[in-house]
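Take 1 as the starting number for the sequence shown in the working numbering and just add one per residue.
Simulated from the structure, these hints should not be mistaken for lab results. The structure displayed is predicted, hence computed values, not measured ones. Hints may be right or wrong, so weigh each one.
Said to hold, decoys possible - The calculated label-pair distances, taken between Cβ atoms and stated as ranges, are:
1. 122 / 185: 22 to 28 Å
2. 124 / 100: 15 to 21 Å
3. 106 / 191: 30 to 36 Å
Think of the CB as a built atom: it goes at the ideal place given N, C-alpha and C, for glycine as much as any other residue.
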Amino acid sequence: MRVVLAVAIVAAAGSAASAQTVFNAGFDNGYFTPFNANSPSSLRYADSGWLGFGPAVGLRDITLGFAVSASGPVAAGTTDLTFTFNDGDPSGLVFGSAATLYSTTLTNVQLPALEGGAPGFFYVTIPLPGVSTLGGFNNIGWSIGVQNYSYAGDFGFQCSSTFGQSVGFYTNNATTFSNGSWSQFSFGGDPVTGVANFVAQVTVPTPGAAAVLGLAGVAAFRRRRAR
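Start from the sequences, fold in the hints, and give me the full structure.
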């Protein structure tokens, strides 16, 4: 479910000083925790955005904001996360080719204990070795699934509003792969809080590497984000 924030917002995890952020969706719009112990290994949730018009850009890493929730106290647990990084949304229903540029499985990711029904929030940074955008609008996207889930609570994503997008450009819809097909979803019709924009930060290796981005006009931004 997605709820209004019940605790203080946790600051986004930063990358090393030598890196530059080219996409940042901050944590200001609650959380969404669709995974649990009964989730099939095929279930995936995905989101996307774009960095700005220009040539291809080599990337350094992506930091994702995750959330856990439960109706009561929960002991700490673990899960494996299956991750893909794509040219745009992995579904192919938004922007970009959906081509997989990198994939990995993060094993034994620690899920925090919860007390009194309060949610918990944490960040995971995933290196993107040798990954570059494909140029043009420099579409990006990613997907997450769970395997070997050993946790009594629910797991999912921190969410960002349109105002939380401080670098790069969001897309209105996220996607899910369930029952053999992809579909799009958002959180409602409100133009600020209704977008399905998961918290993420993407960096490039050096400050000068992002200088070619941000050349897309406002009209192009409005046209693309509405999809």
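Hint-by-hint comparison with the structure:
For residue 122 paired with residue 185, a C-beta distance near 24 Å keeps the hint of 22 to 28 Å intact. At about 19 Å, the CB distance of residue 124 to residue 100 agrees with the hint of 15 to 21 Å. Checked against the given bound of 30 to 36 Å, the beta carbons of residue 106 and residue 191, roughly 34 Å apart, stay inside it.
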